[in-house]
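Protein chains in written order, with the numbering used here: chain L, 1 to 202; chain P, 1 to 413.
Warning: the hint list may mix true and false statements.
Claimed, not checked - Below, a list of computed lysine-lysine pairs in the DSS-like style, where the Cα atoms sit at most 27 angstroms apart:
id: 1; chain 1: L; residue 1: Lys58; chain 2: P; residue 2: Lys295
id: 2; chain 1: L; residue 1: Lys171; chain 2: P; residue 2: Lys296
id: 3; chain 1: L; residue 1: Lys52; chain 2: L; residue 2: Lys149
id: 4; chain 1: P; residue 1: Lys133; chain 2: L; residue 2: Lys123
id: 5; chain 1: L; residue 1: Lys156; chain 2: P; residue 2: Lys295
id: 6; chain 1: P; residue 1: Lys88; chain 2: L; residue 2: Lys156
id: 7; chain 1: L; residue 1: Lys156; chain 2: P; residue 2: Lys133
id: 8; chain 1: P; residue 1: Lys296; chain 2: P; residue 2: Lys88
id: 9; chain 1: L; residue 1: Lys52; chain 2: P; residue 2: Lys88
id: 10; chain 1: L; residue 1: Lys52; chain 2: P; residue 2: Lys133
id: 11; chain 1: L; residue 1: Lys194; chain 2: L; residue 2: Lys149
id: 12; chain 1: P; residue 1: Lys295; chain 2: L; residue 2: Lys171
id: 13; chain 1: P; residue 1: Lys349; chain 2: L; residue 2: Lys115
id: 14; chain 1: P; residue 1: Lys46; chain 2: L; residue 2: Lys49
id: 15; chain 1: L; residue 1: Lys77; chain 2: P; residue 2: Lys133
id: 16; chain 1: P; residue 1: Lys189; chain 2: L; residue 2: Lys58
Unchecked claim - Stretch by stretch, here's where chain P covers chain L in the computed footprint (C-beta under 8 angstroms, at least three residues):
id: 17; segment: 40-53
id: 18; segment: 119-132
id: 19; segment: 153-164
If you're looking for bench data, these hints aren't it; they were derived computationally from the structure.
Note that CB positions come from ideal geometry on N, CA and C, so glycine has one too.
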Amino acid sequence: MKKMILTVFVLLSLIFPVVTANSDQIISINLSTIVSSSDVAFKGKCESKEAKIIYPEKYPNGLGTAHYVFLVEDVLKGDVKVGDHFAFDQINETRESSRAKGIPYVGTVSYEVGKVYTVFLSKPSSIGLRFPPGADQSVFNVITDASGKTTIVNTKSNKGLFNALPVQSVKVLKSVNIDERNPPSGPINYDDFKTIVEGMQQ
Amino acid sequence: MSRYLKLFIIAAVLLTVRYALAGGPFEVDAVSDSGVAQQWEGNELKWSSEDGDLSSAVNNATAKQWVNDAMSKWTSAALRDSGLSSQKIVVDVKATYQGSVGKDVNETNYLDYNNSSEGQTVIIFDKGGAITKAETEAFDPNQYQYIPGLTQLLVSDSSGKKIKKGIIIFNGILLESSNPVTLTPEQFKSAIQHETGHLFNLDHAQVNLDIATPCDLGGSCPDAQYIPTMFPELKTERQGTELKIDDKVTISWIYPNTTLQSSFCTITGEIQDKDGRPLQGVNVFARRTESDSLKKEDVRAMVSGVLYPACFNDGHYYLYGIVPGRTYEVMYEQLSPLYTGMSGFEPLKNPPSGFPQQNITAGDGSTTVSCPSGGQTIDMGTVQVPVSNPCPSSSGKTTSGSGGSGGGCSLIR
Chain L
1 MKKMILTVFV
11 LLSLIFPVVT
21 ANSDQIISIN
31 LSTIVSSSDV
41 AFKGKCESKE
51 AKIIYPEKYP
61 NGLGTAHYVF
71 LVEDVLKGDV
81 KVGDHFAFDQ
91 INETRESSRA
101 KGIPYVGTVS
111 YEVGKVYTVF
121 LSKPSSIGLR
131 FPPGADQSVF
141 NVITDASGKT
151 TIVNTKSNKG
161 LFNALPVQSV
171 KVLKSVNIDE
181 RNPPSGPINY
191 DDFKTIVEGM
201 QQ
Chain P
1 MSRYLKLFII
11 AAVLLTVRYA
21 LAGGPFEVDA
31 VSDSGVAQQW
41 EGNELKWSSE
51 DGDLSSAVNN
61 ATAKQWVNDA
71 MSKWTSAALR
81 DSGLSSQKIV
91 VDVKATYQGS
101 VGKDVNETNY
111 LDYNNSSEGQ
121 TVIIFDKGGA
131 ITKAETEAFD
141 PNQYQYIPGL
151 TQLLVSDSSG
161 KKIKKGIIIF
171 NGILLESSNP
181 VTLTPEQFKS
191 AIQHETGHLF
201 NLDHAQVNLD
211 IATPCDLGGS
221 CPDAQYIPTM
231 FPELKTERQG
241 TELKIDDKVT
251 ISWIYPNTTL
261 QSSFCTITGE
271 IQDKDGRPLQ
281 GVNVFARRTE
291 SDSLKKEDVR
301 AMVSGVLYPA
311 CFNDGHYYLY
321 GIVPGRTYEV
331 MYEQLSPLYT
341 GMSGFEPLKN
351 PPSGFPQQNI
361 TAGDGSTTVS
371 CPSGGQTIDM
381 GTVQVPVSNP
391 CPSSSGKTTS
401 GSGGSGGGCS
411 LIR
């Protein structure tokens, strides 16, 4: 009898999901960290998004992912070329659905089909998923005004991008006339941004 | 039904895990939807630690001391009442250290504690970040480098009102200079203060957003002393140096003692959408008005409808710790889109937006309120926010009528 009860409780411990309701503070990461933590970075138009469920045998109801294809317009880092249709898979679970599946929640970042972004992506994970370093801190909306001037901005209004940069990166900022002691907040000129990102890789 | 099946069902109920809500409490009663925040069983958080170090420079004893200090701040939360001469303890919860589990918990054995079986609440020191990495790397190979701590409330009782088990994993890699993001010990202690707040069942707070927004961690942050511990982003080490009034008020109303109830007042009301339906997901706060510094210092907030699951038909808010004889203004505002996802606010994943911050006026039209003596409730009635409801009209259950009386009248009772 005792053995049976023990078995029931052991079974239960297997059945009830672990709820990793990641409740933690955002830590801002600077551009130097975004660049060094990314495998590829490009400006491109989101061409398609397709929801996919993978690993149904491993996760309850499977793991929700999104398969994105971007038409690459400009390259900032990595093995990708202008004109490529760059495809990647990214986790596509909400906080609620993550809880229900007992998986850690790492944030939700999505891209709108037809919109142009500058996006930094990690190398593929062990199950082939990529993710922007620091979540939406590494995803920039691209805005082109009537005069053709292009600026980019992330959801944090670019705050913290130039905070506590290494010395080498500070030199790069100076090359585009940005004062690291009083860095700009808000949209930044795309060409300047590209110069900074390329300089940070040298 | 066989006795084993019955046993299985009973055990299933006992071991049900409840999911998190936010903007006040982290977990609420989702069994009977009674609109109460979960509390630790017996108002006592019994926690254990393990034998490992936190980082190459922070040994086990120091890490335990940091956690113990953080726990103590929560369990001794005190507020000044109308006398203002001394602080009075307003919270009734204990944190009791149970000793070590007797081994170094690492990536090979942490699941012994990080599960939904009944058992010990363990604070794990993840030196090198291997546990955090194991938790997150399949979805994002980098993220373990940016997470100082993961907190989970793992098991509640069958009533849905009592927490029985939780866990915190503190990620020591953020204390190593080799990591892309490095925190100072003081910054890490602020993160410990924040995560232990979650373990006591507090969620993120949007208080003094205008002060916090211009701040960068490690950079200049004027008025840093007004950013609460439970703010969703680590902006300054001062967030953990001392608890702010919103932090103290929140822990105290989740675990109230008689002082909170008898020496302070409560402001309550209901938020509705443009069509008159209860509206969840609006941040409501009350702040003192006598001076600019008091406006920043004496603030408490709650997200409307947060005591119920998402799309439950409830838009009530309750603002506790109101000092009798002092003057407060009550405001509503949208939750910041800067904080979504894991560092966001619930109950709604897409809370209502696109409306300005507005004063909630009392029934007589005045823009401030006060109560003459402790133990009273100031009812702000109902206010309609000119915004559509993100929840479909057919969704959700309805509250049984606690809180605001409707009609926009101000009532002290």
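Hint-by-hint comparison with the structure:
Proximity of Lys58 of chain L to Lys295 of chain P is assessed by CA-CA distance (about 51 angstroms); at most 27 angstroms being required, the pair is judged violated. The suggested pairing of Lys171 of chain L with Lys296 of chain P is violated, with an alpha-carbon distance near 38 angstroms, which exceeds 27 angstroms. Taken as a hint, the Lys52 of chain L and Lys149 of chain L pair is broken in the structure, with Cα atoms around 37 angstroms apart against an allowance of 27 angstroms. Simply put, Lys133 of chain P and Lys123 of chain L have alpha-carbon atoms about 15 angstroms apart, close enough for the 27 angstroms limit, and the pair holds.
Of the pairs offered as hints, the one joining Lys156 of chain L and Lys295 of chain P holds, with about 26 angstroms between alpha carbons and a cut-off of 27 angstroms not exceeded. The suggested pairing of Lys88 of chain P with Lys156 of chain L is violated, with an alpha-carbon distance near 39 angstroms, which exceeds 27 angstroms. For the suggested pair Lys156 of chain L and Lys133 of chain P, the alpha carbons sit about 25 angstroms apart, so the restraint of at most 27 angstroms is met. With a CA separation close to 21 angstroms, the supplied pair Lys296 of chain P and Lys88 of chain P stays within the 27 angstroms bound.
The hinted pair formed by Lys52 of chain L and Lys88 of chain P fails the criterion: a straight-line CA distance of about 55 angstroms is larger than 27 angstroms. Between Lys52 of chain L and Lys133 of chain P, the direct Cα distance comes to roughly 24 angstroms. Compliance with the 27 angstroms bound is thereby established for this hinted pair. Of the supplied pair hints, the one linking Lys194 of chain L and Lys149 of chain L holds, its CA atoms being roughly 14 angstroms apart against a limit of 27 angstroms. With a CA separation close to 41 angstroms, the supplied pair Lys295 of chain P and Lys171 of chain L exceeds the 27 angstroms bound.
For the proposed pair Lys349 of chain P and Lys115 of chain L, the alpha carbon gap of about 23 angstroms is at most 27 angstroms, so the pair holds. A distance of roughly 47 angstroms separates the Cα atoms of Lys46 of chain P and Lys49 of chain L; the hinted pair therefore is violated under the 27 angstroms criterion. Our distance criterion of 27 angstroms between C-alpha atoms is met by Lys77 of chain L and Lys133 of chain P, whose separation comes to about 25 angstroms. This hinted pair does not check out: Lys189 of chain P and Lys58 of chain L have alpha carbons roughly 36 angstroms apart, beyond 27 angstroms.
Counting residues of the segment 40-53 of chain L whose CB lies closer than 8 angstroms to any CB of chain P gives 0, which falls below the minimum of 3, so the coverage claim is violated. Under a criterion of three residues with beta carbons nearer than 8 angstroms to beta carbons of chain P, the stated coverage of the segment 119-132 of chain L is upheld, 8 such residues being counted. With 6 residues having a beta carbon nearer than 8 angstroms to a beta carbon of chain P, the segment 153-164 of chain L meets the requirement of three or more and the stated coverage holds.
Comparing the model with each earlier hint shows violations of hints 1, 2, 3, 6, 9, 12, 14, 16 and 17; every other hint is respected.
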